[in-house]
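Trainee: These protein sequence lines are chains A and B, in that order. Counting along the first sequence from 1, when you hit position 61 you're at 61 in this note's numbering, and nothing is skipped either side. Counting along the second sequence from 1, when you hit position 61 you're at 61 in this note's numbering, and nothing is skipped either side.
Heads up, some of the hints might be wrong.
Which copy is meant is left open, so a pair is good if it fits within one copy or across any two.
Said to hold, decoys possible - Straight line, CA to CA, 30 Å or less: simulated DSS-like cross-link-like pairs of lysine-lysine: (1) K186 - K30; (2) K186 - K46; (3) K67 - K191; (4) K2 - K91; (5) K186 - K130; (6) K40 - K134; (7) K191 - K46; (8) K193 - K130; (9) K193 - K91; (10) K134 - K67; (11) K2 - K193; (12) K34 - K122; (13) K46 - K193; (14) K186 - K2; (15) K2 - K67; (16) K122 - K193; (17) K46 - K185; (18) K122 - K33; (19) K67 - K186; (20) K191 - K62; (21) K40 - K193; (22) K122 - K62; (23) K40 - K186; (24) K53 - K30; (25) K62 - K193.
By construction, these hints were calculated from the structure, which means they are not laboratory data.
Number of protein chains: 2
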Amino acid sequence: MKEALRQFIDSFQFLTPEEVDIIVDNTVLKFTKKGEYLLKEGEVSKECFAVIKGCIREFVIKDGVEKTVSFFTEGDPITAFTSEITGCQSKSYIQCLEDCVVTVGNDSLIDEMIQRIPRLEKLIRVEVEKEAGKMQDRMSDFMISTPEERFVTLINNQPNLIHRVPQVLIASYIGVTPESYSRIKKRVFEKIKQHN
Amino acid sequence: MKEALRQFIDSFQFLTPEEVDIIVDNTVLKFTKKGEYLLKEGEVSKECFAVIKGCIREFVIKDGVEKTVSFFTEGDPITAFTSEITGCQSKSYIQCLEDCVVTVGNDSLIDEMIQRIPRLEKLIRVEVEKEAGKMQDRMSDFMISTPEERFVTLINNQPNLIHRVPQVLIASYIGVTPESYSRIKKRVFEKIKQHN
């Protein structure tokens, strides 16, 4: 698993081999079972994660119903920014949909790494800006899209998800009932077949 | 207007009076007219802004129709993160809905400020993380909400908006036709009246 971690850290192309070593040696890995939670509603988030192996979802319970708002797979960072920065309670759950391996970071570890590799401060800022950009794009894309368009975006951006997660969660994510989702999925796959 | 700018910079409570002076002296202000654009679809964003005075919206054109995805008022930062960081073309328009005053920043100005006030690097990172948190919260909130709930969130978070922007833009923002919006607005205001 250290090798997968090294590959992940190495994917940030601005790091020298020595810097990659320092980070890999200091990264804590967490092995979780399917169904386990990394964060629950009401808890204050003190850690941030990145997925090395596995699939994780974020959901909110509204009127007793689970609504899936995000999926995370290999390479994705997971941070509950507001809870972690302001210390307020999380409104959402983060749950493993498979047995997973994640890196676990926290403020003091990040501060320590920055002390050893000062230019990491700027590099982390740029990574957070990229994440903010992805969220911004996802938000405006979601706002202007129909459920069918959201489904097409999902299979374009995270094509392996559809085979990894229960279909009812994808329905919840694009904001339709499981029945509507079945119709949408059929229609989209028929269009894809016609194009190929 | 320098006084409004000083108040804005001063609202970041971690800065000393001397640091506020340095930033105020180096901040460029831009005065724009109602209808003017800060960014258009297809352009590469090289600047970031913060609203000192006025109201600004972000919108996307989809199938020939304008869809409003964000409103910004006094104190709000405006950054097209993805375009600015990756250099790709903006997918959205940023347009002033009133005569506005905004601060204008860019990478080299930020680098210069950090060179003069090194701890600004971390402080900016934390501010970007807060922004990312707001976007994350807004995204999951939007995903699980009905148009009526979105309207209630809007009047709770940005209460002055409803009197400042054309109602058709608010309808577009919460994702309904102007007709449905009229009904939603009436219903929500009746409920508020009953509660008071």
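Trainee: Run through the hints listed earlier and report the numbers of any the structure violates, in increasing order.
Mentor: 1, 2, 4, 5, 7, 8, 11, 12, 13, 14, 15, 16, 17, 18, 21, 22 and 23
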